[in-house]
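So you can see what is in the structure, the chains are spelled out below.
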Amino acid sequence: MAVTTPEHGLPGHLVDFVGALRRHGVAVGPGETVDAAEVVGALDLLRRRELREGLAAALLRRSGQREVFDTLFDLYFPPALGVGAQEIEVPRATTEDGSDGPVDVDALRDLLADLLLAGDEEGLRELARAAVDALGTAGASGTGVQGVNGQPSWSAYQALRLMSPETLLARILDAMRQDGDPTDDFTDEVRRREIRDRIARFRKMVQDEVRRRTAEQRGREQVAKTAVPKQAEQVEFLSAYAEQLAQLRRTVHPLARRLASRLAVRRKHAKRGQLDMRRTLRRSMSTGGVPMKPAYKTRRPGRPELVILCDVSGSVAGFSHFTLLLVQALREQFSKVRVFAFVEKTDEVTHLFEPGAELSGVMQRVLREADLTAFDGHSDYGHALGSFAEFWGEAITSKTSLLILGDARTNYRDPNLAVLRRLVGQARHAHWLNPEPKRQWGTGDSAAHRYADVLPMHECRTAGQLADVVEALLPV
Amino acid sequence: MKATQSPLFGSVDEVTERLEGVGYLASTAVATTVYLADRLGKPLLVEGPAGVGKTELAKAVAAATGSGLVRLQCYEGIDEARALYEWNHAKQLLRITAGQGHESWDATRDDVFSEEFLLPRPLLTAIRRDDPTVLLIDEMDKADVEVEGLLLEVLSDYQVSIPEMGTVTATRKPFALLTSNSTRELSEALKRRCLFLHLDFPDPDLERRIVLTRVPELPQALADALVRTVRVLRAMELRKVPSVAETIDWGRTLLALGLDTLDDDAVRQTLGVVLKHQSDQVKASAELRLN
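Sequence order for the protein chains is A and B. FYI, the numbering for the first sequence is 22 to 497, going by the working numbering. FYI, the numbering for the second sequence is 876 to 1166, going by the working numbering.
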């Protein structure tokens, strides 16, 4: 690939791209950049999909990074410039002078429905491209959407609102039923989910397209700063939305497996070192009293009991849920796990986390079935700790590790430090995991600092941080 | 670091074609990375869920290029002696006893640590072969961290140092392929030496073709319905999502039972083939309104 390029050219561009990846938390070393350059040299640059896969192979080292990579790749190696090659015409309302009028939204929706029904991926992508372009420059009939100062304005929100692909679901399903396939509940459900999936993908195409056009206008750095998704492990619990939390939940089991195997390594290393004199001498008998093979002491892993007390009020529910799932996945590491949930009052919910239980909807069951609220449904740490000590105080013994999950926001009520101090005194270990950033502790109604005086408090804003803390807490 | 030998493949398309020739349908990602691994002379680390064809890929590459496949199956506790080489102690002892009395110690010592008394294990075997070789290091994540250190020399320089003999360098670089189920993170040092491929479930069109190549008797329409249903199952939050292997098994099951449409009855009867956990089955039945 000997191409004469301007000053920085392709290598410079590649370095920019790597820089953007680094800014988004993908650790790429100079070695990988060199690999990527070799990849660029070995591949046909006109084949974009191969280039994408090739660069991913050279630059990425973990599977969770792919989404960030794809978004940035689209920004740095856009499939087209400007409108691109038009294969699909967006239907427009006719005007008197024959020029392009506003977009005919109904006809556009018909077109979209047909493509969704056929599942034509390429067609959908073309349509997304054409529709974003048309809606950005010409606007739709009757809406008057038009860029300011003659500048076209790209908006995924506008485009998706006008086309509203979700509302096409029923129509597409009807069309499918008329095709004469069997129509039982099951087939219906499968189809519905399939169409929903296609619609979601179309939404994403529109968003990608808008991102690309905006990047052309305002510079890709600007767009990359805001539009690139975070890796699941770096999403903050408190600001995550439903989709991110669902994605996060999928990472629980891999994460737990990773922690467990790291733990196994730690145990193996911890075993070494301590010489067992008695067994070494016994063994030396067979070699005439010369200790050829020293024997080492094996330590039995102490498996502590775990009591988890978690705030399940709205603000921290995502964090509590994820942590509980993680602990549940790690339950082999503990001899016994008991889970207590609280908002204003405390109730035991261990039975909902039994092995084999269906865990993804367990939070709703906790809120529905457990007796947690008394007056207004705002968390009351003082009262919750009090009721825990009163009814389940005997759960804490000298073998127990106590784990409290919550943001320590008491809504200006009594934090009840005396009871907590007593509980911590009874337990073997006690730790508090707080999903709030450390700098916000103690602000407003947060009693974090006061609680932190009683027991060690750890900041757990992201799954990555949580994993580190849990790993450090696990018994060796 | 350019490979001195002629590459196995000429272009990405050729990879796809030749892999297809031996019954492995490769996606763009697979074909591209295989092509690059060959071109750049780097090992390929394939990660992904169980049953997406990681090991199959190595076998297919070997078959498509007419190379010999050398396989190192990793497990917990695998060590140097199992992976690299071992001295044949028994034979060495025999040699020493045989030489006693009419040979100087120096001569015996030099002779005992020679080629003849070396038992090559997979890694050394792969390095020493003159014919084209595919080296498959399977389930790398099962092995201990120490083994990774041992691999570094082999994978970056394609050589093995044997203290008593010297360094054995590959005359012909093997095509190295490592697989991992990511039960643990492999070390950065190892990852940096490899090209990385995350092998995920194939897109519907590819999966349909895979099912049809593996179960050719399956009617088109049924394969279509099968793949669509499996995709819906994968989108749910299940403990163990069905992989390609399960889709193929499902196709075979339906065929064996003589079912020619995938309606709710058929699914109810055979759901156990794709979902291996009771809780998953209960959840899927509820969500797909099978009850």
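Worth flagging that the hints you see were computed from the coordinates, not collected in a lab. Note that CB positions come from ideal geometry on N, CA and C, so glycine has one too. Heads up, some of the hints might be wrong.
[Unchecked claim] Derived pair list, reagent style SDA-like, types lysine to any residue, alpha-carbon separation capped at 25 angstroms: (1) B:K934 / B:P997; (2) B:K934 / B:A973; (3) A:K318 / A:A267; (4) B:K1066 / A:T272; (5) B:K1115 / A:R68; (6) A:K251 / A:A63; (7) A:K225 / B:M1111; (8) B:K1066 / B:P924; (9) B:K1158 / A:L373; (10) B:K1115 / A:T418; (11) A:K225 / A:R68; (12) B:K1115 / A:A221; (13) A:K314 / A:E326; (14) B:K1115 / B:A1045; (15) B:K1158 / A:A285; (16) A:K225 / B:L1074; (17) A:K357 / A:A261; (18) B:K1017 / A:L259; (19) B:K1115 / B:G1041; (20) B:K1066 / A:E88; (21) B:K1066 / A:A261; (22) B:K1017 / A:S282; (23) B:K1017 / B:E961.
[Said to hold, decoys possible] Derived list of chain A stretches under chain B, where covered just means 3 residues or more per stretch with a C-beta under 8 angstroms from a C-beta of chain B: (24) 45-55; (25) 208-216; (26) 277-285; (27) 350-360; (28) 451-460.
Hints versus structure:
At roughly 16 angstroms between alpha-carbon atoms, K934 of chain B and P997 of chain B fall within 25 angstroms of each other, so this suggested pair holds. With a CA separation close to 44 angstroms, the supplied pair K934 of chain B and A973 of chain B exceeds the 25 angstroms bound. Our distance criterion of 25 angstroms between C-alpha atoms is broken by K318 of chain A and A267 of chain A, whose separation comes to about 44 angstroms. For the proposed pair K1066 of chain B and T272 of chain A, the alpha carbon gap of about 21 angstroms is at most 25 angstroms, so the pair holds.
Of the pairs offered as hints, the one joining K1115 of chain B and R68 of chain A is violated, with about 35 angstroms between alpha carbons and a cut-off of 25 angstroms exceeded. At roughly 31 angstroms between alpha-carbon atoms, K251 of chain A and A63 of chain A are farther apart than 25 angstroms, so this suggested pair is violated. As the CA atoms of K225 of chain A and M1111 of chain B are separated by approximately 19 angstroms, the hinted pair is consistent with the 25 angstroms bound. A distance of roughly 18 angstroms separates the Cα atoms of K1066 of chain B and P924 of chain B; the hinted pair therefore holds under the 25 angstroms criterion.
Note on K1158 of chain B and L373 of chain A: the hinted pairing holds, with a Cα-Cα distance of about 16 angstroms set against a maximum of 25 angstroms. Note on K1115 of chain B and T418 of chain A: the hinted pairing is violated, with a Cα-Cα distance of about 36 angstroms set against a maximum of 25 angstroms. For the proposed pair K225 of chain A and R68 of chain A, the alpha carbon gap of about 22 angstroms is at most 25 angstroms, so the pair holds. Between K1115 of chain B and A221 of chain A the alpha-carbon distance is near 23 angstroms, which keeps this suggested pair within the 25 angstroms criterion.
With a C-alpha separation of about 37 angstroms, the suggested pairing of K314 of chain A with E326 of chain A is violated against the 25 angstroms cut-off. Distance restraint check for K1115 of chain B and A1045 of chain B: the Cα-Cα separation of roughly 41 angstroms exceeds the 25 angstroms cut-off, and the hinted pair is therefore not satisfied. At most 25 angstroms may separate the alpha-carbon atoms for a hinted pair to count; K1158 of chain B and A285 of chain A exceed this at roughly 32 angstroms. Distance restraint check for K225 of chain A and L1074 of chain B: the Cα-Cα separation of roughly 22 angstroms lies within the 25 angstroms cut-off, and the hinted pair is therefore satisfied.
At most 25 angstroms may separate the alpha-carbon atoms for a hinted pair to count; K357 of chain A and A261 of chain A exceed this at roughly 31 angstroms. For the hint linking K1017 of chain B to L259 of chain A, the alpha-carbon distance of about 35 angstroms lies beyond 25 angstroms, and the restraint is violated. For the given pair, K1115 of chain B sits about 48 angstroms from G1041 of chain B by alpha-carbon distance, which is inconsistent with the 25 angstroms threshold. For the hint linking K1066 of chain B to E88 of chain A, the alpha-carbon distance of about 19 angstroms falls within 25 angstroms, and the restraint holds.
Only pairs whose Cα atoms come within 25 angstroms are accepted, and K1066 of chain B paired with A261 of chain A is rejected, the gap being roughly 30 angstroms. Proximity of K1017 of chain B to S282 of chain A is assessed by CA-CA distance (about 10 angstroms); at most 25 angstroms being required, the pair is judged to hold. Pair hint K1017 of chain B plus E961 of chain B holds up; C-alpha atoms about 21 angstroms apart against a cutoff of 25 angstroms. Beta-carbon proximity to chain B at under 8 angstroms applies to 3 residues in the segment 45-55 of chain A; the threshold of 3 is reached and the given coverage holds.
Remark: the segment 208-216 of chain A is confirmed as covered by chain B, as 6 of its residues place a Cβ nearer than 8 angstroms to a Cβ of that chain, reaching the required three. Counting residues of the segment 277-285 of chain A whose CB lies closer than 8 angstroms to any CB of chain B gives 4, so the stated coverage by that chain holds, three being the minimum. Here the segment 350-360 of chain A counts 0 residues with a CB under 8 angstroms from a CB of chain B, which misses the bar of 3, and the coverage is violated. Under the rule that three or more residues need a Cβ within less than 8 angstroms of chain B, the assignment of the segment 451-460 of chain A is violated, with 0 such residues.
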